[in-house]
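Peer 1: Numbering (our numbering), first residue to last: 7 to 201.
Keep in mind that the hints were calculated from the coordinates and are not lab data. These figures come from a predicted structure and were not determined experimentally. Using N, Cα and C, we set each Cβ at its ideal position, and we do this for glycine too. Misleading hints may appear alongside valid ones.
Label-pair restraints from in silico Cβ distances [what the hints assert, rightly or not]: (1) L96 to T174: 32 to 42 angstroms; (2) S176 to I94: 18 to 28 angstroms; (3) G172 to A97: 14 to 24 angstroms.
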Amino acid sequence: MRKNIVTIAAIVLILAVAGGVIVANSTHIFAAKPANTTAVQNSGAGNGIITTPKMGPTFPSYPTSNKHTTPVPTVGTCPQPLPQPGLIQLAPPNSDPTYYFNNEALVVFNGNAWYLLGGNLQSNSHQGVIVMEPFITDPCKTTSQSAAENIVRAMPTLHGSIVITGLTKSGTSVTFRSSDGTTGYFNYGTQTFTP
């Protein structure tokens, strides 16, 4: 019985050494590159060094960093073409407690579009005003990116509430009529009234 155990041990040892030589001379399915090997001392004949691959799959290494960064969102732009100038037929917004508006026009001057709102002061219906409100041509920009603010111009004389009646061919003025029947021009380039 003892002889059988020694024989089996010798066979296992020979197979192990032979298997190591075979593995050393072939490509292992888990070995990605030859540098991924270890050296073991051969105790069998030849007293050479046999290389055997590390077991298990190999994965590419990635550099690691302890920095936690959050991507900074970029503000995009989506500029729209300038609108077609003209009178706007819809009723203007009258939620402003300072002004009452009768109507509005859309004008383009020096590459910028503006709403012109004709009306009067809520506190004094005889004081006609025109409010120039910038038309947003790039809705993707934030409010802080657009520096234009509303411009308010009061008619120099008290003729009543203003109704914008048309745009001039010169492209810099609108015509208006006051509630007392006075007519005139408002030059939105210079922001002045002309009777």
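Peer 1: If a hint holds in the structure, say so; if it doesn't, say that too.
Peer 2: Hints, verified against the model:
About 22 angstroms separates the C-beta atoms of L96 and T174, a value inconsistent with the hinted range of 32 to 42 angstroms. As the Cβ distance of S176 to I94 is approximately 20 angstroms, the hint placing it in 18 to 28 angstroms holds. Checking the proposed 14 to 24 angstroms range against G172 and A97 shows it holds: the Cβ atoms sit about 18 angstroms from each other.
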